[in-house]
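Visitor: Here the structure of chain A is known, so what remains is to put chains B and C in place on it, guided by the hints.
Listed here are the chains, written in short residue letters.
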Amino acid sequence: MTPLKLAERILQLVPVLLGIAVIAFVMMALTPGDPVEIMLGDARSTPEQRDALRHDMGLDRPPLERFFVFLGNALSGDFGLSFFHRRPVMDVILERVPATVELTLAALFIALATAIPLGVLAAVRRNGWLDRAATIGSLLGVSLPGFWFGILLIMLFAVHLQVLPVSGRIGFGQEVPPVTRLLLIDSLIAGRLDSFAAALRHLIMPALTLGLAMGAILMRVTRTAMVEALAQDYIVFAEAKGLSRARILGRHALKNALIPTVTVAAIETGSLLGGNMIVETVFGWPGLGRLVVEAIFARNYPLVQAAVLLYAATYVMLNFAADLLYTALNPRVRL
Amino acid sequence: MSEAVPALSGAKGIDWALAESPIAGNLRQFVRDGAALAATATVAAFVLLALLAPLVAPHDPAEGDLLRRLQPPAWMSGGEWAYPLGCDALGRDVLSRMIYGTRVSILVGVLVIFFAAVIGTLAGLAAGYLRGPVDIVISRLVDILLGFPYLIFAIGLMAMMGPGLSNIVLALAYKEWVLPCRVVRAETLAARETEYVEAARALGASRVHIMLREILPNILSPVLVVATFRMAHVIIVEASLSFLGLGVQPPTASWGSMVADGRQFLLEAWWVSTFPGLAILALVLAINVASQGLRDAFDPRLQS
Amino acid sequence: MSALPAHDALLSLRGLTTVFPTRHGEVRAADGVDLDVRPGECLGVVGESGSGKTVTFLSVLDLVRRPGRIEAGTIVFDGRDLRRLPPEALRAIRGRDIAMTMQDALTALNPAFTVGAQIAEVLEAHGRATGRSALDRAVQLLEQVGVPDPARRVGVYPHQLSGGLRQRAMIAAALACQPRLLIADEPTTALDVTIQAQVLDLIADMRQRLGMSVVLITHDLGIVAERCDRVVVMYAGQVVESGPTRQVIGAPAHPYTAGLLASMPRLNQTRAAIRPIEGQIPDPARLPPGCRFEPRCPRRRSECLQPVPMRDIVRAERAFGARAVRCVLAGAAP
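Protein chains in written order, with this note's numbering: chain A, 1 to 335; chain B, 336 to 639; chain C, 640 to 973.
Extracted from the complex, chain A is given alone in its bound form (with noise of 0.2 Å):
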């Protein structure tokens, strides 16, 4: 791609970055319930006292003027503060984040390591009891809430076997220096074997819960990509180069197949940050969607809104970057 292509996509996703501000700012701007009131609490305010810290926080100027403080105050990262923790609202969601990358990268290896060999295989083996199976398999996996299947996990391996912990990213006094703030890295970072197999103990429950839903739509996606790569010509003339099965199911098929695969899971890796608010609650894991969670029932908006925006920005830049992958894969495409 050339960089004014390039240059011109990117243009492309200002006018939708903008909509799902206007979106986030307005769904805020309904709330019913005065923010005021909300922040102060309980405790017995007098109405001077209200007047001061509506004016502080910019809620007696109008709509479209807030809107634009609003706009200016996010793009540069500002939030305002937090209701709830008394700290500007990007630090909190920044502690928040290395926990959910933690587990979203988890799932994802789990769902590419399942579905592209079971697709690939049920493919080649098209209707025998491999491809069956997987197809009952991806069919349950995308029919399975996942909530339900977390806390069957729980009762399982947690409540029942006891081999797995029932919550949390790591036990106490196995905490390590953070460096990326990715536990299974630091960890060995620290050289911390103990606290490198605590932290896959703690995660791999959530990681399983995320990753097998999404492996079951990418299992499907490759079979399909695989079984459209097996006919074509070009598998009829590598198998009469008298090339190796293996190097023709591997690079000849795979490499065409994979290129669908990989662009769903970029774009599936966006609705990853919905199911993560699912599976952090299920779990206790202390991730950004739990906050999220978490604010909700607080009334914390300043946050909810923030996270809305910010996992609304990453769900396009995620859809984008598959763009690019499908482009990069695809030589066809490149111009």
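Calculated from the structure, these hints are not laboratory results.
Where is the CB? At the ideal position from N, CA and C, for every residue including glycine.
The reader is advised that the hints may include incorrect statements.
[What the hints assert, rightly or not] Pair by pair, the computed Cβ-Cβ distance ranges are: (1) ILE267/A / ALA370/B: 46 to 52 Å; (2) GLN599/B / GLY191/A: 37 to 43 Å; (3) ASP840/C / PRO468/B: 58 to 64 Å.
Guide: Coordinates of chains B and C only, in the frame set by chain A:
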């Protein structure tokens, strides 16, 4: 290779193109698909259960008997057949609550899909047929709404509007209409160039007439297909919202909130969470299988 | 033609039958095909699409797609029955001893790999070269098949080449291991008329240089007349006529061959003289009981309703190449 196969598929194409109308052929193929038929029957059973809940449910879903707190299912020791799937922490019958919970899932699924299909179809028709500024506004709105992850949009709206059945329906329909809208817009763009539309235009038919009477009947089958397979998703999202406590409020029974209720008692009362979750799985799975069958039979372009 | 494989042939097919299951029962895409390819010769295989010519040669390399399968017959190449070989031994023969090119290089070359990589991998698969040296050899091969600026072209993707160059690149990949037999499936159908002759020249040139045999699968009798030593005419899965090109073209013994000739545009012919064969190739699931050409044949008679065997036509030129035909009129006055 290249020679034998087209000849064969050509031969296959002839006999049913001549034999019957396309819709009859689609229906026949759908009926032949045993799994899809069984799934449709399952969905119908759930709908019936929702309609007849007061007649079928053995107990009042909201009335608890604290003496039966966390009473196990009938086949376990301490259980009794009057409460086949046991009782929850307030001593309410799990089975009766599940039967009433069917109402929430089905009602939300049907209403959201209905609103989304109506709004999406009208918006898609307008965008695709009128083009110009109408199309630009609608298409931009679609792009922006697609920019939100589904669950986050719904959670944000629920946080704003507060919990409740009608709010769930609104929160989900706000975004759900986008999908039928995109399908209808694309179909309309194609249909407006066809001969029957040209003919209607030449005869001086009004734009509303052309959109609703000429184009709409011809693009209904993809809308139907999209709508059914989205319903499964809507039901899961409703259950997820209710699980988080953002859905219908107690004491109304919903599968998602029932799973949440049982979370504190995983050690002593696994049944409270397990059975409602199983019901979600069964209904969603049945809808998915049935819609897959519909897709295969009615719209080959959407086949996965 | 004898039921035994010819011992002087490089490739000898006897009774080759390949079937595809369908809803209306099994379809015999190739039905008892007998033919021989001699060392160094160019054999034309001609017929309409659906006549089974491509399926026959895909069967030779065991490349028929499932659920199609070879049901009967022998495929003897260089004294070995390929149908009795273990899969790994057959794989070694593909691309090394018998190469095949496909109709359209655009679909036959993998869009996700460079042209060079797709040529080099043939050398690697057969242990002729690896890595850097395989790529160097790919450059030489591209040069041999007449691709200009081969050092640059080795690194481009198939869609970046013109149709003619793509076809040449595919031929380069097929010929990388200097095979003894090239099966060229409709090598010119996907090409512009101006480039067709160039590609046929290239195949003829490479045949000379490598001393290989060529099977030219085509629906165009004109190409056969110009390029082939012998010809096999196929119809509805069967061989209906075979013999030296000049004899077959000069005096076709089967009404179908005659029909093909009459439907061929020629320079010295007016448009009105072109007579297409009436009717259509039969549905492979509902073949006529007797001669398969009978429903379309201008000279059909009652005997044609019985199955017709292949019969040799005895001629003085017998030693040069057997002529055989599947027609009750054979031997009778034309």
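Visitor: Work down the list of hints and note, for each, if the structure agrees.
Guide: Each hint tested on the structure:
1. ILE267/A / ALA370/B: 46 to 52 Å: This hint is violated: roughly 28 Å between Cβ atoms.
2. GLN599/B / GLY191/A: 37 to 43 Å: holds (39 Å)
3. ASP840/C / PRO468/B: 58 to 64 Å: holds (60 Å)
Checked against the numbered hints given earlier, this structure breaks only hint 1.
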